[in-house]
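Sequence lines, in order, name chains C and G.
Sequence positions in the first sequence follow our numbering and run 5 to 323.
Sequence positions in the second sequence follow our numbering and run 5 to 323.
Check before you lean on any hint, since a few could be wrong.
Since the list can't tell identical chains apart, any single copy or any two copies may satisfy a pair.
In silico SDA-like pairs for lysine to any residue, Cα to Cα no more than 20 Å straight-line [claimed, not checked]:
hint, residue 1, residue 2
1, 287, 245
2, 310, 98
3, 73, 179
4, 287, 317
5, 73, 260
6, 73, 102
7, 73, 97
8, 73, 58
9, 310, 299
Calculated from the structure, these hints are not laboratory results.
Okay, here's what each chain looks like letter by letter:
Protein chains: 2
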Amino acid sequence: VSHCTTERPPETIAIVGAGVVGRGWVPVFARSGHEIRIHDPSPGQLESARDWIESFLLSSPAVRGHSPKLRFCAHLEEALQGATYVQESIQENLIAKRDLFERLDRLCEAGTLLCSSTSSLDINDIATSTAHPGRCFTVHPFNPAAVLPVVEILATRAGSGTTTERVAGILRRAGQVPVVLHRFVPGYIGNRLQAALMREALALVDAGVADADAVDALLTHGLALRWVILGVFGTNHTNADHGIREYYERFWGSYRELIGTLAVETPAVEGPMIDAISATLEKRFGNASIPEIARWRDRLVLELRKVQLSTLPPAGTAG
Amino acid sequence: VSHCTTERPPETIAIVGAGVVGRGWVPVFARSGHEIRIHDPSPGQLESARDWIESFLLSSPAVRGHSPKLRFCAHLEEALQGATYVQESIQENLIAKRDLFERLDRLCEAGTLLCSSTSSLDINDIATSTAHPGRCFTVHPFNPAAVLPVVEILATRAGSGTTTERVAGILRRAGQVPVVLHRFVPGYIGNRLQAALMREALALVDAGVADADAVDALLTHGLALRWVILGVFGTNHTNADHGIREYYERFWGSYRELIGTLAVETPAVEGPMIDAISATLEKRFGNASIPEIARWRDRLVLELRKVQLSTLPPAGTAG
Numbered sequence: 005v006s007h008c009t010t011e012r013p014p015e016t017i018a019i020v021g022a023g024v025v026g027r028g029w030v031p032v033f034a035r036s037g038h039e040i041r042i043h044d045p046s047p048g049q050l051e052s053a054r055d056w057i058e059s060f061l062l063s064s065p066a067v068r069g070h071s072p073k074l075r076f077c078a079h080l081e082e083a084l085q086g087a088t089y090v091q092e093s094i095q096e097n098l099i100a101k102r103d104l105f106e107r108l109d110r111l112c113e114a115g116t117l118l119c120s121s122t123s124s125l126d127i128n129d130i131a132t133s134t135a136h137p138g139r140c141f142t143v144h145p146f147n148p149a150a151v152l153p154v155v156e157i158l159a160t161r162a163g164s165g166t167t168t169e170r171v172a173g174i175l176r177r178a179g180q181v182p183v184v185l186h187r188f189v190p191g192y193i194g195n196r197l198q199a200a201l202m203r204e205a206l207a208l209v210d211a212g213v214a215d216a217d218a219v220d221a222l223l224t225h226g227l228a229l230r231w232v233i234l235g236v237f238g239t240n241h242t243n244a245d246h247g248i249r250e251y252y253e254r255f256w257g258s259y260r261e262l263i264g265t266l267a268v269e270t271p272a273v274e275g276p277m278i279d280a281i282s283a284t285l286e287k288r289f290g291n292a293s294i295p296e297i298a299r300w301r302d303r304l305v306l307e308l309r310k311v312q313l314s315t316l317p318p319a320g321t322a323g
Numbered sequence: 005v006s007h008c009t010t011e012r013p014p015e016t017i018a019i020v021g022a023g024v025v026g027r028g029w030v031p032v033f034a035r036s037g038h039e040i041r042i043h044d045p046s047p048g049q050l051e052s053a054r055d056w057i058e059s060f061l062l063s064s065p066a067v068r069g070h071s072p073k074l075r076f077c078a079h080l081e082e083a084l085q086g087a088t089y090v091q092e093s094i095q096e097n098l099i100a101k102r103d104l105f106e107r108l109d110r111l112c113e114a115g116t117l118l119c120s121s122t123s124s125l126d127i128n129d130i131a132t133s134t135a136h137p138g139r140c141f142t143v144h145p146f147n148p149a150a151v152l153p154v155v156e157i158l159a160t161r162a163g164s165g166t167t168t169e170r171v172a173g174i175l176r177r178a179g180q181v182p183v184v185l186h187r188f189v190p191g192y193i194g195n196r197l198q199a200a201l202m203r204e205a206l207a208l209v210d211a212g213v214a215d216a217d218a219v220d221a222l223l224t225h226g227l228a229l230r231w232v233i234l235g236v237f238g239t240n241h242t243n244a245d246h247g248i249r250e251y252y253e254r255f256w257g258s259y260r261e262l263i264g265t266l267a268v269e270t271p272a273v274e275g276p277m278i279d280a281i282s283a284t285l286e287k288r289f290g291n292a293s294i295p296e297i298a299r300w301r302d303r304l305v306l307e308l309r310k311v312q313l314s315t316l317p318p319a320g321t322a323g
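Next up, chain C with everything else stripped away, as it sits in the complex (with noise of 0.2 Å):
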C-alpha cells in the first residue's frame, strides 16, 4: 500500500478593509498557517486593528498557541503582492465595492482568488467591474468567524465548481464550515433566518405577550438547544415516530395553520420598546461590558463546538 500525501503550500491572505469584519478574519486564517497581510487605506483604523489584534485577538482562546505570519500594509500594493486569496471586507456599498475589485482583478495574479465578505450585496453585481468574473465570491463569516465556523459561499454565474471547491477548500483548512449556494437572495440563507427569528420575536414583545428575557429563555433552554445539534429539519425530523414524512403528514396542517397567524408587518423599533428590551438586557447582564460578555460567550461557544464534533450523528448499523 503506498500513501501519496499532497501537503498544501500555505496560502497568502490579504485581507482589505480592517474593520471589526476584516479583524475577525486574522484569527481563522492565522491558526492555518497561512501569511496574512492586512491593508486599510485609513491609517488610523489599520493602528486601532493592530491594537486590538495585539491587545484582545491574540491572548483568545480561539488562536492561543498560534504566531500568525501577519503584516500590516499602508498600501494596497503591498498586501496584493503574491496573495494568492484576498478577502475584501469593506463597508457595505456597493460603488466602493465595484471600484475595490476592479483594481483587485487589475493587480493581483491571474490564479488569485477575490473574495467579498459582503452579507447584503450580490456578488455578480459586485463583479461586473473585473475581466474575471469566474475568480470573485461571495465569503460571508458570522460574528465572531474564529468561533462561529460557518461560511457562506456564493460564485458568480462565471464561476466554476472546481474553483469553488479551492475556495472552499482553504476555509476548511482553516477551520471553518463552508456552505455552498445555488444563487443569490439578500441577505443569504443566515441573515435571512435570524431576520425571520428577529421579525417574531420583536413582534411578541410588541404585543405584550412576553418580555425580551422571557422570549430569549425560550431559545437558550429550549429550541436552540435542539437547533445547535439537528437545524430545524432535523429536529422535524425526530419529532415524529418516523421522521420528517409522518412529521409533515401530520403536523404540517396546524403548523400552516400557525404560520397564518404570523407577523408579517416588521415591528417598529423605536422609543419605548428600545427602552424595555434594553432595560431586560441591563438586568440580565448587570454592569458587564460588550467585551466582557463577547469572552464568555466565545468560551462557551468553543465548549459547546467540543461537545458538538465529540461524536458524529449516528448513521444506523444494520447498511
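Following the hints, position chain G against chain C.
Leaving out everything else, chain G in the frame of chain C:
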C-alpha cells in the same frame, strides 16, 4: 445564625393522557421525588405507555438514578385521588379538553392545580367549563421535556400571581425553566418562533437557494451556537460595541429592509419538496432509526446543558 429551611412535601401528580406528551412528563416529575399517577381512557394506550416507560425511559440519562413512584391507573378517579397537580395531555381538541376539565374541576380537591399541555388552544377557552378557572393553567412542554427544560405557563384571566408562582415553583423543583406569558397568542411563543424559522427555511429550499442540509448547517455551525447562549436579543446586544441600542441604531435600517424581502406566503410542502428534504436527511443519518437519533440528541443536549449551566453570564465587576 439560624437557618429555617422549609422542605416542601412532594406533590401528587396526575398525568391524564398517556400519549407522547403525557409520557414525556413522567421523567420530569419522577426526578423531583413526586408521586405520579398516569391515566388514559384507552387500556391499549396505557399498556403501550407502560412498555415504553419501562424499556426506554427509565434507562435514559435524564432519569437514571431515580426510581419513580409511578402508578398506572385505568380509571380517572383513581388517578385524581389526593392529586395536588394535574397535567392534562390528551389530544388537541377544544371540546375534549373542555369536557375533561369540567370533570377534573368536579373530581379534584379545592387546592388542586389543573394544567393543560396544550400548545395551540387558549386556556381561557378550556376553563369555561369549570367553576374555578383561577386554578387552570397552560403548562406547555417541549419535546423531550426531560432534556429541554423550558415550559410556557399561561394563567387564565381569573388567575392570580400567587397561584401562578405555585405552578412555576413545582416545575422549577422538577428541573424545568418556567416562562410566564402575559396573554394568549396561537402557538404561544415557542411554536411561533419555530414556525417563523420553518417558513423561511422551507421558502429557501423551495426557491432552490440551497438544500435542507445547507440550511441546517447555518444553524448548527453558526446561528444556533449564539442563540443557545444569548437568545436572539442577547445576540443582537453583543453584535455592536456598545450594546443593543447601538445595534438598532446602526443595523435596524438594513434589517427592516431585509425583513421586507422575507417569505410571507406559506410554502407548499408536498410531493417533490418532501422527497428532496427527506433525501438529504436520509443521507445525513444513513439508516439510523428515529429512536437512535433521538437518543443521540438527548445525550448531546444533556452535555450542552452541563456546559451552559457551568457558568453564569458576567454581571460586571464595578458594582
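Verification of the hints:
In the homo-oligomer, the alpha carbons of residue 287 and residue 245 lie at most 20 Å apart only across protomers (18 Å), although the nearest pairing inside one protomer, at 41 Å, exceeds that limit. For a Cα distance limit of 20 Å, the shortest separation of residue 310 from residue 98 qualifies neither inside one copy, at 38 Å, nor across copies, at 45 Å. With identical chains, the CA atoms of residue 73 and residue 179 are at most 20 Å apart within one copy only, with a shortest distance of 17 Å there and 49 Å across copies. In this assembly of identical chains, the alpha carbons of residue 287 and residue 317 lie at most 20 Å apart only when taken from different copies (11 Å versus 38 Å within one copy).
Taking the closest pair of Cα atoms, residue 73 and residue 260 never come within 20 Å of each other, the shortest separation being 53 Å inside a single copy and 40 Å across copies. In this homomeric assembly, residue 73 and residue 102 never come within 20 Å of each other (Cα to Cα): the closest approach is 29 Å inside a single copy and 70 Å across copies. Taking the shortest alpha-carbon separations for residue 73 and residue 97, neither the intra-copy value of 30 Å nor the inter-copy value of 65 Å comes in at or below 20 Å. In this assembly of identical chains, the alpha carbons of residue 73 and residue 58 lie at most 20 Å apart only when taken from the same copy (13 Å versus 59 Å across copies).
Taking the closest pair of Cα atoms, residue 310 and residue 299 come within 20 Å of each other both inside a single copy (17 Å) and across two copies (19 Å).
When each numbered hint is compared with the structure, violations occur for hints 2, 5, 6, 7.
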